[in-house]
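Novice: Start from chain A and add chain B according to the hints.
Line by line, the protein sequences give chains A and B.
For the first sequence, my numbering gives the first residue as 1, with consecutive numbering after it.
For the second sequence, my numbering gives the first residue as 1, with consecutive numbering after it.
Keep in mind the hints are simulated off the structure, nothing from the lab.
This list has only true hints and no planted wrong ones.
In silico BS3-like cross-links for lysine-lysine, where the CA-CA straight-line distance does not exceed 25 Å: (1) A/Lys10 with B/Lys134; (2) A/Lys129 with B/Lys57; (3) B/Lys77 with A/Lys129.
The structure presented is a predicted model; accordingly, all values stated were derived computationally and were not measured.
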Amino acid sequence: MKKNGFFETKKGKTIAAAVILALLVIIPLLMDNNIILKQNKYFYVLLCLIGIYTIITSGLDILFGYTGQISFGHAGFFCIGAYGSVLLTHPGWGLGKLTGYVLPPILSILLVACITACIGALLAVPASKLVFHFLSMLTIAFNQIIYLIANNFSWLTNGSIGITSVPAVTILGFSFSTVSSKLRYYYLVLFFVIVLLVVKTHIINSRVGRGLIAIRENPTAANGCGINVAKYKIMSFAISAFYVGLAGGLYVHMIGFVSPDTFIQNTSVIFITMLLFGGSGNLVGPILGAAVITFIQEGLQSLADYRMLIYGVLLLIIILFQPQGLSGLGKTFSGLAARGKGGESNG
Amino acid sequence: MEQAMLSIRDLDFHYGEIHALDKISLDVFKGEIVTIIGSNGAGKTTLLRTTSGLLGKNTGGTITFQGQQIENLSPHKIAGLKLNQVLEGRLVFPLLTVRENLMMGAYLTKDKKLIQDRLEYCFSLFPRLLEREKQNAGTLSGGEQQMVAVARALMTGPELLMLDEPSMGLAPLVIKDIFTTIEKINKDGVTILLVEQNANAALKIANRAYVLEIGKIVKEGPASELANDDSIRKTYLGIS
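So here's chain A without its partners, still in its complex pose:
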């Protein structure tokens, strides 16, 4: 039997999480005060984006990694979250234009996440009966419909021009405007990331989570064990959509601008790529995937068209040599080490 490493024990995990969390809080603060690693403000935008993509990939992971249902339409949910929050908070559009009243952004983000979850559940009613390529087609179609609505319903969304000057998040008079301080928004995103990751862990370890995993492993056998497969698939879709909708709200109030181009089919593919790259069906994989892919995408901007080439090669390497994604690296290395020692471990 292989001995568990310190970080596989419960205590070790708690300590590791606490240390990482402290670093995530302190380092940007030090950076902002120019104590270490002088960076331009753009760096915080990158960190915020990673946070937002982490929420999305974690949401997608609940559906794909744990329930085994593929979705190429999560940019659609992202779009609903983003446009929904704009239309509820912008004085010149949607609710503000119709009634003159607007919601505070933080409230609208949460409300829109719930609405997205409902739409996810509705989409799941037909989707729960489909598998593999049929499900892919359905989710692609969903993405396309949402994109076309955002692009063509000009009276509602200003069409392909998009909507500018989206109001900033304000909580009890405390402004999270990204114009004045990007660091504050980073902490807001970090807060949501932590809450949603904790919630995800609890869902996965609950009765519902076990049901989802059983469906991934074998839907027929799961059904035979008394699991209502259709109901759990719908739940999984709804939870997943909730995460992505919330991320959409956070995204749009950070960027301050929304246009349909962000939500094209390709965006959904990037979400799936992040998840596969990081590794699905665990907590760390989506975070790693979101971080690495965002860095590659943004960091290699200067390489222009060659960016996609590097991106493609990296992806190929991962799929061929590390099919479990980056999060499986630890296991692969410990496996190699054990083999190197002459096969002490038998598993």
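Specialist: Okay, now just chain B, sitting in the frame of chain A:
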């Protein structure tokens, strides 16, 4: 005559145009081992899966289990009725450990003490599984996976256990073990409905048997009688 535990009357099932089950009627009484034998494509699996609801709605007839009509219930509801099935081809959850597989069988049971008792019972039936408790079910041998499948079904606490070809793809020695275990489960109070191609082994442990041919029941009777029936011997036992 006492009330049958499971009673199927005039059951029809169609795969689209194909008439897979044609007015099937059969009874299973408490405490029995009943076997359904038949060749490939006779409709054995279809019959079991229709009974447990996994194939969707049947196209006619009634299924009564312990006095309750179940032909219109959805499969996850039927699983809660002490009627459980070991699926054909050992459908275990490959990436879950043996223990997690078994706990999945107890999904609908909330009583922790009861789950623990059943778990101990399963491990006493299959000591091999206790050794492999923390191993992923997908890494087990075929025979061990079959044990997991049977144990998982037992974790639901069934009164009637339906087994779909437990001998499929297994070595003769392993088959012998599996059948001995089935007899033991039966002695411990679980009624068994066994579907088999391996007519020889099935008829040895069964009390009664039905012979299924192209969706129809062509013969029924005590297992010992059918084992000596000339046409059965020719077709299914390979003895001329």
